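Asker: Chain by chain, the residues run as shown.
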Amino acid sequence: MYAIELQDVRKSFGPVRAVDALSIRVPQGAVYGFLGPNGAGKTTTLRMVMDIIRPDSGEIRMFNEPASATVRGRVGYMPEERGLYRKMTVASVLRYFGSLRGMTADQLGQRVPAWLERIDLAGHATKKVEELSRGMHQKLQFAVTVIHDPDLVILDEPFSGLDPVNQDVLRDIIDAMRREGRTVLFSTHGMHEAEQLCDFIVLIDKGKVVVDGTLDQIRAGHEARTVSIELEGDAGFVERLPQIAAVRHDGRRIDVTLREGADPQDLLRTLVERARVRVFEIRQPSLHEIFVRLVGDNHAEDR
Amino acid sequence: MRKIVKVARREFLDTVKTRTFLLSLLLIPVLVVGIIFLSKKMVQSEGGPRPAIRIGVTSPSDELFKRIASAFEGHNKSHSQSPLVLQSLSVGSEEQGKEKLRRDTLDAYVVLEGDLEGKEGTVQFYTYKPKASQIDAIWSVERLFRDAVVNRRCEARGIDRAMLAEIQSVPIRRVELGDEQGREKVQSEGQRVARMMVPFAFMYLIFIGIVGMGQHMISSIIEEKNSRIIEMLLSAVSPFELMAGKILGLAGVGLTVMILWGAAAYGAAVWRGINIDIGLDLVAYGLVYYVLGFVLFSAILAGVGSVCNTIKETQSLMMPITLIFVVPLIAWPQLARDPNGDLARVLSYIPPTTPMLMVLRLASSPDIWWGEIVLSILVLVVGVFVTIWAAAKVFRTGILLYGKRPGPREIVRWLREK
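In order, the protein sequences belong to chains D and H.
Quick note, this note's numbering runs 1 ahead of the 1-based positions in the first sequence.
Quick note, this note's numbering runs 118 ahead of the 1-based positions in the second sequence.
It is worth saying that the hints were derived from the structure and are not from the lab.
Because the structure is a prediction, the values reported are computed rather than measured.
Where is the CB? At the ideal position from N, CA and C, for every residue including glycine.
Each hint should be verified, as a subset may be incorrect.
Listed below are the simulated BS3-like cross-link pairs for lysine-lysine, each with C-alpha atoms no more than 27 Å apart in a straight line [to be verified]:
(1) H:Lys-135 x D:Lys-128
(2) H:Lys-121 x D:Lys-88
(3) D:Lys-129 x H:Lys-135
(4) H:Lys-124 x D:Lys-128
(5) H:Lys-184 x H:Lys-237
Just some of the chain D residues that point at chain H, by a computed CB distance under 7 Å [stated by the list, open to error]:
(6) Met-51
(7) Tyr-78
(8) Glu-82
(9) Arg-83
(10) Arg-87
(11) Tyr-97
(12) Leu-101
(13) Arg-102
Computed far set for chain D versus chain H, every beta-carbon distance over 10 Å [stated by the list, open to error]:
(14) Gly-59
(15) Gly-124
(16) Ile-174
Turn these sequences into a full structure, and let the hints steer you where they fit.
Answerer: As C-alpha cells, then:
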C-alpha cells in the first residue's frame with residue numbers, strides 16, 4: 002500500500018514546465034527523500050499533493066483513495082515558506098491548527114501539553130509567538146505540523162535554516178516517526194540528511210524523475226569509480242596505468258578515478274604485480290557524487 | 119463549513135483584540151459628537167472679543183444717518199464683544215471713502231443713494247479684500263441698515279413700527295399627529311433636522327461599516343502573507359474556506375460595530391429629546407443590506423489583498439473600488455430631494471451601491487414597492503456570488519505569490535482556470 006501515488010502529474014506556469022509527467026510512489030511506513038536542485042519542481046509537487054495548487058493533468062492518490070479533504074486530515078505538512086501568527090500565544094497556535102485539522106477539545110487538551118513538553122516549550126505556553134527565539138519558533142512550527150497525529154508527514158526543506166541542535170531534534174523526531182510506522186516524505190537538497198535518514202530516494206530535475214529507489218539500489222546503478230590506495234615504495238607509475246583517469250595525492254594515499262568500464266579487480270592485479278599494496282579500498286559513491294553525475298556539476302548544492 | 123466557522127472565530131477575536139480596532143470603535147463616535155458639540159458652541163457664542171469693525175457711511179439724509187447711528191449704538195450695547203465704529207463721510211467724497219477702504223482705514227464703506235425714504239434708492243456696500251474673520255460680522259451690519267431704512271420709511275409715511283411688526287408676525291406651529299387620538303407633539307427645529315438627517319445617517323453608517331471595516335480584511339491578509347502563515351493554513355483548510363472564514367469573521371466584527379454605534383446614536387438622540395421613529399423593519403432591512411454589502415466589498419478586498427505584498431500596494435488598487443462606494447455620498451443632495459427618482463433607482467441596482475441606496479430610500483420614504491426591495495436584494499445576492507467566485511479564484515493563486523504583482527492579463531487567466 003502506498004501513502005502517496007502520483008501518476009503522470011503535470012503542471013506548467015505559463016511557458017515553464019514545473020512538473021512534467023511525474024510518477025512517484027511513496028510506500029507506507031517509509032522515510033522518503035525528495036531530492037533535486039533548486040527549481041527542480043519539488044515544492045510544486047508537494048503543493049499539488051497538498052491540493053494547494055492543482056495539477057494540469059494526472060492523478061494523485063493518498064492511502065489508495067483519490068486525494069480528498071478527509072484524507073488530507075491524516076497528513077501533516079510543513080511548507081518551505083513557514084510562519085505562525087505572531088500575536089497568538091504558543092498554546093493557542095497549537096490549539097488553533099489542531100482544531101482546524103479536526104481535533105476535538107479533549108484531544109487538544111492532551112496533545113498540546115504533551116507536544117509542548119516534547120519540544121521543551123512547556124514553560125512558554127502562554128508567551129506570544131513573537132517572543133520566542135528563532136530556534137523555539139522552528140520547533141513550535143514542527144509541533145504545529147504534527148499536532149494532529151498524522152499518518153503521513155510531508156516536510157518541504159525541513160532542515161534549511163535550522164541550527165545544528167534543532168537539526169538533531171528534527172532527525173530524532175523523524176526517526177521516531179519511522180519507528181511508529183508513519184510515513185515521512187521530505188524534500189531537501191542536502192544529500193547528507195537524505196543519506197542518513199531515507200529508506201527511499203527520488204531525485205528529480207526539471208520536473209522529471211532522474212532516479213528513484215532505495216539508497217542501495219541507487220548506489221548499485223552507479224558502480225564505484227573511486228579507489229583509495231597506499232603502496233610501499235615509489236608509486237609514480239600509477240598515473241601512467243591505462244585504467245586510470247585521474248589521480249589525487251592525499252598524503253601517503255592516492256585517490257584514483259577509474260576510466261569508464263575499468264574493473265577495480267583488474268587494477269588490483271596490476272598493482273600487486275608491480276608493488277606491495279598496503280591499502281586498497283573501493284569507495285562507495287556518495288549520494289552527492291551520484292547527484293553531480295546525474296544532473297551536472299553546475300546544479301550541485303551540498304552543504 | 120466547520121472550518122469556515124473556526125477561521126471566522128479566530129479572525130473575529132483577533133480583530134476585536136487589536137488596539138486599532140478599539141480606537142476606531144471609539145474614535146468615530148467621539149469625533150462626530152465633538153464636531154456637533156463644537157459647531158453648536160461656535161454658533162451660540164460669539165467667541166472672544168473681536169477688533170472693532172470700521173464702517174464709513176455717506177448718507178444724503180441726516181435723518182436717516184441718525185437712525186443708522188442709533189441702530190449701531192443699540193448693536194454695540196447688546197454685542198459688546200464685536201463693536202462697530204461708525205464714520206460719516208460727506209456726500210461727494212465717495213472716492214476718498216473707497217481710497218480709505220484700500221488703505222485699510224475702513225473695513226466697509228456704505229453709500230446710500232437716491233431717495234431711500236421714499237421708494238427708490240439703493241444701499242451700496244463696498245468692501246476691499248474683506249478679511250475672512252470679518253465677513254459674517256459685515257453681513258450682520260446689512261441688517262442694521264435695512265432696519266434703519268424701514269424705520270425711517272415708516273416714520274415718513276406715518277406708520278406705527280410696532281403695528282407693522284404685529285401685522286407681520288404670523289406664528290406657525292408644526293404639529294405632528296400620533297397614531298392615536300390626542301397624541302400630538304410640537305416639532306422642535308432639531309427634530310426637523312434630525313428627520314432630514316436620519317436617512318443620511320443610516321446610509322453613512324452603512325458606508326463606514328462597509329468601507330471602514332474593509333481595512334481589517336486587507337491588514338489581516340497582508341499580515342498572513344508577510345509572516346508566511348498562508349501555506350501552513352492552506353494545508354489545513356482550502357483557500358475558499360480561508361477566504362470565506364475571513365469574510366464571515368469580519369462581517370461579525372462589522373455587525374458588532376454597527377449595532378454598538380447604532381445603539382449609541384439612538385441613545386444619544388433619545389437623551390437629547392429628539393424623537394426618531396425607526397421601524398424595526400428598517401433595522402432588519404438595514405442589517406440584511408449591510409451584511410450583503412460587506413460580503414461584497416470584503417470579497418473584492420480579499421482578491422485585491424491576495425495579490426499584493428504590502429498595505430501600500432493595496433491602496434493604489436483600492437482607490438477606484440472605494441470611489442464607487444463614495445458615489446452615493448456625493449450624490450446625496452440629489453438623492454435626498456428625490457429618493458425614488460431615476461438616479462436613485464439606477465444606483466439601487468448596481469451591487470456596490472445597492473446597500474447604501476436602498477437603506478437611504480427605505481429610511482426616507484417607507485412606502486417603497488416591495489418588489490423593488492426583493493429585486494435589489496436579488497441583484498445584490500447575484501453580485502455577491504459572482505464576486506466571491508472571482509475573488510476565490512484570484513485568492514487561490516495570488517495568495518501564494520510573492521514579489522511582483524501580477525498584471526490584469528494574468529489575473530484574467532486565473533479566472534479562466536477551472
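Asker: Give a verdict on every hint.
Answerer: Going down the list of hints, with the structure as the test:
Simply put, Lys-135 of chain H and Lys-128 of chain D have alpha-carbon atoms about 16 Å apart, close enough for the 27 Å limit, and the pair holds. Annotation: proposed proximity of Lys-121 of chain H to Lys-88 of chain D holds, straight-line Cα distance about 21 Å (limit 27 Å). Pair hint Lys-129 of chain D plus Lys-135 of chain H holds up; C-alpha atoms about 14 Å apart against a cutoff of 27 Å. Distance hint between Lys-124 of chain H and Lys-128 of chain D is fulfilled; the C-alpha atoms sit about 22 Å from each other, no more than 27 Å.
In summary, the hint linking Lys-184 of chain H to Lys-237 of chain H is supported, as the alpha carbons are separated by about 19 Å, within the 27 Å threshold. Here the hint on Met-51 of chain D is kept, as its CB sits about 5 Å from the closest CB of chain H, short of 7 Å. With a least beta-carbon distance of about 4 Å to chain H, the hint placing Tyr-78 of chain D at the interface is held under the 7 Å criterion. Against a cut-off of 7 Å between C-beta atoms, the interface hint on Glu-82 of chain D holds, since the closest Cβ of chain H lies about 4 Å away.
The closest approach between the C-beta of Arg-83 of chain D and any C-beta of chain H is roughly 6 Å, which is under the 7 Å cut-off, so the hint is satisfied. Interface restraint check for Arg-87 of chain D: the shortest CB-CB distance to chain H comes to about 6 Å, inside 7 Å, so the restraint holds. Nearest Cβ of chain H to the Cβ of Tyr-97 of chain D: about 6 Å, under the 7 Å cut. The hint holds. Using the Cβ-Cβ criterion of 7 Å, the hint placing Leu-101 of chain D at the interface with chain H is satisfied: the shortest such distance is roughly 4 Å.
Checking Arg-102 of chain D against chain H by beta carbon gives a least distance of about 5 Å; that is within 7 Å, so the hint holds. No beta-carbon of chain H comes within 10 Å of the beta-carbon of Gly-59 of chain D; the shortest separation is about 15 Å. With 10 Å as the threshold on Cβ separation, the claim that Gly-124 of chain D sits away from chain H holds: the shortest Cβ distance comes to roughly 24 Å. For Ile-174 of chain D, the shortest C-beta to C-beta distance to chain H comes to about 18 Å, beyond the 10 Å cut-off, and the non-interface label holds.
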